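Student: All chains should be built: construct the whole structure from the sequences, respecting the hints.
Sequences listed follow chains A and B, in order.
For reference, each letter of the first sequence is one residue, going 0 to 245 in numbering that gives the first Met the number 0.
For reference, each letter of the second sequence is one residue, going 0 to 245 in numbering that gives the first Met the number 0.
Wrong hints could be hidden among the right ones.
Identical chains share a label here; the pair holds if one copy fits it or two copies do between them.
Unchecked claim - Think about it this way: if two alpha-carbon atoms lie no more than 25 Å apart in a straight line, the pair counts; the simulated SDA-like pairs of lysine to any residue are:
no.	residue 1	residue 2
1	Lys171	Pro213
2	Lys178	Asn197
3	Lys80	Arg12
4	Lys243	Asn2
5	Lys142	Asn81
6	Lys74	Gly112
Hints are computed from structural coordinates only; laboratory data are not their basis.
Just so we're clear, the structure is a prediction, and the values are computed from it rather than from any experiment.
There are 2 protein chains.
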Amino acid sequence: MENLSKNKIKWIRSFQLKKHRDESNVFVVEGEKMISELITFYPDLIEFICATKDSIVSERFPTFLSAIASDEDLKSISSMKNPNKSLAIVKKPILQNSESAFKIVLDDIQDPGNMGTILRLADWFDVKEIICSKETVDIYNPKVVQASMGAIFRIPVKYCNLEEYLEIQKGKIFGALLKGKNIYTENLTPNGHLILGNEGNGISERIQKYITHPITIPRFGLAESLNVSIATGILLSEFYRNQKFD
Amino acid sequence: MENLSKNKIKWIRSFQLKKHRDESNVFVVEGEKMISELITFYPDLIEFICATKDSIVSERFPTFLSAIASDEDLKSISSMKNPNKSLAIVKKPILQNSESAFKIVLDDIQDPGNMGTILRLADWFDVKEIICSKETVDIYNPKVVQASMGAIFRIPVKYCNLEEYLEIQKGKIFGALLKGKNIYTENLTPNGHLILGNEGNGISERIQKYITHPITIPRFGLAESLNVSIATGILLSEFYRNQKFD
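Tutor: Now the structure itself:
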């Protein structure tokens, strides 16, 4: 098995930039758990895998390895503070945008951790599509991928001009606002769209005008606000709590 | 106004370690928003504030400033990747452990972001106390403080031997487990204790045995698990949804 070459290191590092990910239509996946899942369920997406000799990936899936990396190599190619023992270059999956009854709409979510967590939540509650404004963080950002815990391989995400998109939608458009109706007394069912806004500014005014059903998580204590991924979790739970599940 | 001295830089940096925070009974608060809140609501806790000349803190609260810091200074004293424009050294608040009916119990939460988010959630839903195992991340870790968004000044947190603590508790002890009762069909009210477990391993076996009411968030899709702070948000929402609020 060959060691990771300097050229490959340069090649891998290039995908920390969206521009290069878009050009080559690939992204970076890090970590034993996600790469094991990738090999098991989505082997056709794999372009390249490197790992340390003592990594779980090297031990369990030696035939999938393209190169052996040292801990130092991983430090230089990883975008994590504490690099993992394995890293893969993966084709962006082509996911069917099913005609689902309920979709999440994200208006300029900036934090990769929030974006990844919202993907993971969509995957948990079976929301079948996420629609994002063009300014929303790229789902193939390495930190989004990491936080998504595999949801990135399953949940279709579309980036578009949200105003144009919402303009032509029918049905309910829910929006999480500070002054909306109490989610605990509304009878929420997963139909229509649910809009979540930017971490600092909430839903922008030009998007707010499309909301037909403003909703709010009641506050019992003193905190000024909730993190957007936490709010998404609480809202999705409230939308799905009366649904049947497997 | 004096500039930040090398000695002060060393002094501030020392509080990145729990040992030094514990010895001096202080911790670090970073960022314009939290320091503005600190000055407004908890001025007695302030030991030292430094900020760049162009920071909001310098502009709005010049009399509270102990020293002017350069952007370089802040880079060297901050524990954030993107340092803020202001930083404070603050006395640990003495918070009353009220005899509250409902408490969160944390069994070895390790991630500072999760810990801070759980504090913020407690502050939102008005949970009046958090009980932590001794191995749980320190609430005065700079990243916990940051993620707590001020909740650190309001929510009493106690570190103790959880087994000894739970041994003598009366009332319901809820635990978030993979195989518990469906939270949507149980009639949950905020009475007793709610235990959340470690990010990787969940609630440890020696703690599980104290659970009288195992509960689970039903899964509708394919995600393997939920992040512990997201699970806490969904659970608290379910415990409080039938309560009256202001």
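Student: Of the hints stated earlier, which fail here?
Tutor: 4
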